[in-house]
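Could you build the full structure based on these sequences and the hints that come with them?
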Amino acid sequence: MSDATVSEIALPRAPGKAGRYVYISGVVLLCAWVLIPLYLLLVNTLSSPETVNSFPKSFIPEFDLGSLEFFTGFSGMLVALKNSIIVAAITMVLSILIGAPAGYALSRFDFRGKELFRLLILLTRAFPLPLLALPLAVLFIRTGLDDTAFGLALVHTTLAIPFSVLITFSLFSGIPIELEEAAWTLGCNRVTAFQKVVLPLILPGITASAIFAFVISWNEVFAAAVLTIENRTLTAFLLQTLSESPLHLKFAGGFILVVPALIFIFAVRKYLFAMWGIANR
Amino acid sequence: MAEIQIKNVAKRFGEYQALSDINLTIADQEFMVLLGASGCGKSTLLRIICGLETATEGEVWIGGRRVDHLAPKDRGIAMVFQNYAVFPHLTVFENIGFGLRMQKQPNDEVKRRVERTAELMHIEQLLGRYSGELSGGQRQRVAVARALAMEPDVILMDEPLSNLDALLRLEMRAELKGVLAESNTTAIYVTHDQVEAMSLADRISVMHQGRIVQAATPVEVYRNPAERFVAGFIGNPPMNFLPANRADAGKWTVAGQTYDGPHAADGSVEFAIRPEDIAPAESGLPAKVRLIEPLGAHLLVTCDVDGTMFRAVLESDLELKTGEIINLAPHADRIRWFDKSTQQAVA
Ligand SMILES: Nc1ncnc2c1ncn2[C@@H]1O[C@H](COP(=O)(O)OP(=O)(O)OP(=O)(O)O)[C@@H](O)[C@H]1O
Ligand SMILES: [Mg+2]
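Residue numbers (numbering that gives the first Met the number 0), protein chains in the order written: chain S, 0 to 280; chain U, 0 to 346.
The set of hints was computed from the structure by calculation and includes no laboratory data.
A virtual CB, placed ideally from N, CA and C, is assigned to each residue, including glycine.
It is possible that some hints are incorrect.
To give an idea of the interface, some chain S residues facing chain U are shown, with a C-beta separation under 10 Å as derived from the structure [claimed, not checked]:
#: 1; residue: E180
#: 2; residue: C187
#: 3; residue: N188
Given below as structure tokens:
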């Protein structure tokens, strides 16, 4: 879902009148690509089981809350929700603690292999998780990290770090070094200058990057399903239970998963623009 | 007491030699101007003095203390940056008071000093604003005020007036000079504007391609340029140069005229004279008038002497026509000579 949003944002501005037509239809197409499934999800979530299973499909929601109410009473649901929040919160903290200093170093220091380092950060996303799942599971069982929120959060952190590094890198690069230098000449050392000048300026961006990490963890299902058994996160829990559930519950479960992520992404959209090198609007 | 000594400083960026063999002593409370064309290394030298850049070679001493290894905050200096560097998340008041707050000064002391420097820079009505709500000129004043509020021993300024309009610049220049004279501060001021340099400086250091070619009072730099580069760089219009041929011991022929010149020089020398040190006369350098530009009080006359372009600033009541040939006599005591191979002035 996030990928689709991103490609929509990164679309280059088309030149000329003819290009403009192509551009607008492209935007409409991409919006439809993202929005129509979401709308169908919404319609089916708010429909009674009979309507969901009947044919032809209705495109107007009935506002039947039965399916959603089912989940509030569903045992294990709250525990899974709590797990999801814990794992996502740890992921958020870790990815900022590790990602922000890396982003700072990338933007402020010249060191050997800097370009390679940047490439490597992106390459961490090049390994498909299923490939790593088995060795990871074995490793986790040996170290006792299996089936713990912290262990899962570690895996999610590695997924979130490329983004937190790149986002904070662009944030730091947007702050002229002269501001820090001015602070140094006015009585600050590197640390206090960071606290007094850089931090206040990037705090909103850091928050956004933290929320982004939260969403990545929240949405992740594969590692969660493989590495946890008792302490399932919401995604893994729903995946497991919903595969044997009737259709209307699948829709409702999907809806419950998608909405928080959507809200979060919407909240930080401005900083995602910045991340892809497009001026804030 | 804050005398600044720069000893044998050199700076290389990779292969590029940005500064070479800089030796300079700036006396306590002196106003030193670094003057040079864009890219000659002025900012780099300033950044080395304040500790934002490390010299590849050499030493920096401030107030009798070697400071190379000290962080910028421990050098007792304040700096005004070329692009203001006003903190965007703080009000003008907090910007000016930033250094004082770092020194843990009590609140009322911060308030007193911020208000006083703000008044000095005429920005007291802006204290509540943020940097985004200021014009470029106002931001520049905030940057200067922020440095002054520290009451530093040494203040370094990197083209602090470059973004002001001509009138404001003139005004600020005078004010800055007054403020700094009162504050007992040693100042180094970077500019590429020679008029600014002339009017502000106790001494001017002219920089060229990473070297200091002359460090002297404005009058000395103007009257007795140490190097041909300085002669051509300072003054508007710049000095005129003409080739000279040795006639006799201490005698040189320039465009058919003979003048007293250096004795020792055996190689070829160049004759040099400022455009305003020339007057029309019965006999003198034969000049064919090419262009006449009235400047109000004077005429700027561009001529052709011996196939070389030659400019003269003459009395405006003179009747001249283009194409006319006139005789221009240089004031004998204003003639300067430069060695062609070393480019140095020779007496
Ligand atoms: N960090 C750096 N890395 C490489 N080269 C640099 C660096 N900083 C400066 N230089 C080079 O050193 C030379 C001197 O730069 P400097 O900024 O001191 O010039 P300047 O005299 O202040 O010019 P201006 O009047 O344009 O500000 C320039 O040629 C510049 O390209
Ligand atoms: Mg400069």
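How the hints compare with the structure:
Nearest Cβ of chain U to the Cβ of E180/S: about 5 Å, under the 10 Å cut. The hint holds. With a least beta-carbon distance of about 6 Å to chain U, the hint placing C187/S at the interface is held under the 10 Å criterion. Interface hint status for N188/S: upheld, as the beta-carbon distance to the closest one in chain U is roughly 6 Å, under 10 Å.
Comparing the model with each earlier hint shows no violations; every hint is respected.
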